[in-house]
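Visitor: Sequence:
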Amino acid sequence: MQARRRVDFDRLCAGLDRIRERVHVGVIYNGDRTQPGAVIHEGRNLRSEKSYKYVAEDIAAGLRQAGFRRVSLLPDDLTLPGRLREEEIDLAWLNTAGVQGYDAIAHTPSMLELSGVPYIGHRPLLSLTLDSKHVFKRECQAVGLPTPPFMVWDGVRGRLEPETDPRFQAIFGGHQGAYVVKPVVGRASQNVFFVPDRAGLSEIVDRVYAESLDQVQIETFMGGPEYCVAISGPLVVRDGAPSLLKAPFAFSVLERLVDDGEPIFTSMDIRPITADRVRLLTADDPAHAGLVDLARRVHDDFQLRALVRLDIRADTDGRLSILEANPKPDLKRPDGEKISLVCAGLEAEGMCYEDLLLSLLLDRLGHYLRHRPTVVQHIAALL
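If you use the UniProt record's numbering, the sequence shown closes out at 383, no skipped numbers anywhere.
Check each hint, because a few of them may be wrong.
[As the list claims (entries may be wrong)] Label-pair ranges, simulated between beta-carbon atoms:
(1) A142 with G200: 49 to 59 Å
(2) A241 with A380: 15 to 25 Å
(3) G177 with R22: 55 to 65 Å
(4) A61 with R279: 42 to 52 Å
(5) A241 with R159: 38 to 48 Å
No lab work stands behind these hints: they were computed from the structure. Ideal Cβ positions, reconstructed from N, Cα and C, are used throughout, including at glycine.
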């Protein structure tokens, strides 16, 4: 496998100038379902609305800065298949979580699979697995990855009664501490609540269900520091030069700093993430090795082929547990004020924003060349 990967790596490096010159990249962002032709019948998006077009613009500008001559922005809606064909898009970059309906994050990768257009992003089933907090946590449990005890409550069953519900008692037993309640699908920590004890759970669960009209997750609160770590494939670009690592690339290992009286991280929509809200961990930090190990285990156990950011929390004894995965982490270019959790550690890695984008693109192309060559015949011809 390593030998084949090296051959494909060498091919990519040799053909990089031709890729930059000729491959047409379409960066896709959440469309607006209220626009004419965007959908047939307007429905509802289960996550809070946000197009992230400005992030797509940053990605497109970064690719152009990295030397790509043909880059377009495309809205994710029913006009997308026609535009992919008309504009002869060779490679799509998914910066969308879907327009409306259930399982929306899988809609666009499913359409691209049907269309035969290669893309940078997660395949449909993995997109859903990573994005659905309860499904991801069940998969973590199945492969032995640590995650806090949790249960899922469906509001159609009525009101949760912690003291009498047998599933609640079986999962949480005599736990008298705090809980965290959140929708199973969400964005930017919206509708996530810290509940100090079980007496307040029923009301908060009802509130989250009313907001999301979806299942609600209840998990035990971990009282230690909160961390995040980004993980991608082993092909990494530094200062414009690609290299091939021996292991998946874990980077931007951060502690997320919370204020007194702020037990869980406040939504970035309410309080933007700034440099004073994070601390970059170095290799000699006691938590660093454990965070990197968890990230690489997730990468291998879930067979990741694109970028993920993991949110991880320690208990009061320092034991780490995975809270959730972010299959579409924020790739906004750092602007000196607001920061992206994924990009916060790039400078320490000897990388810039364009290096990261090129790393993700080439790593994904390398996977296609090795395992799905028929889908990228039009790009392989350039190599």
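Visitor: Take the hints in turn and mark each one as holding or not.
Guide: Here is what the structure says about each hint:
1. A142 with G200: 49 to 59 Å: violated, 31 Å
2. A241 with A380: 15 to 25 Å: This hint holds: roughly 22 Å between Cβ atoms.
3. G177 with R22: 55 to 65 Å: Cβ of G177 to Cβ of R22: about 58 Å, so the range 55 to 65 Å holds.
4. A61 with R279: 42 to 52 Å: violated, 29 Å
5. A241 with R159: 38 to 48 Å: violated, 59 Å
In summary, the numbered hints that this structure violates are 1, 4 and 5.
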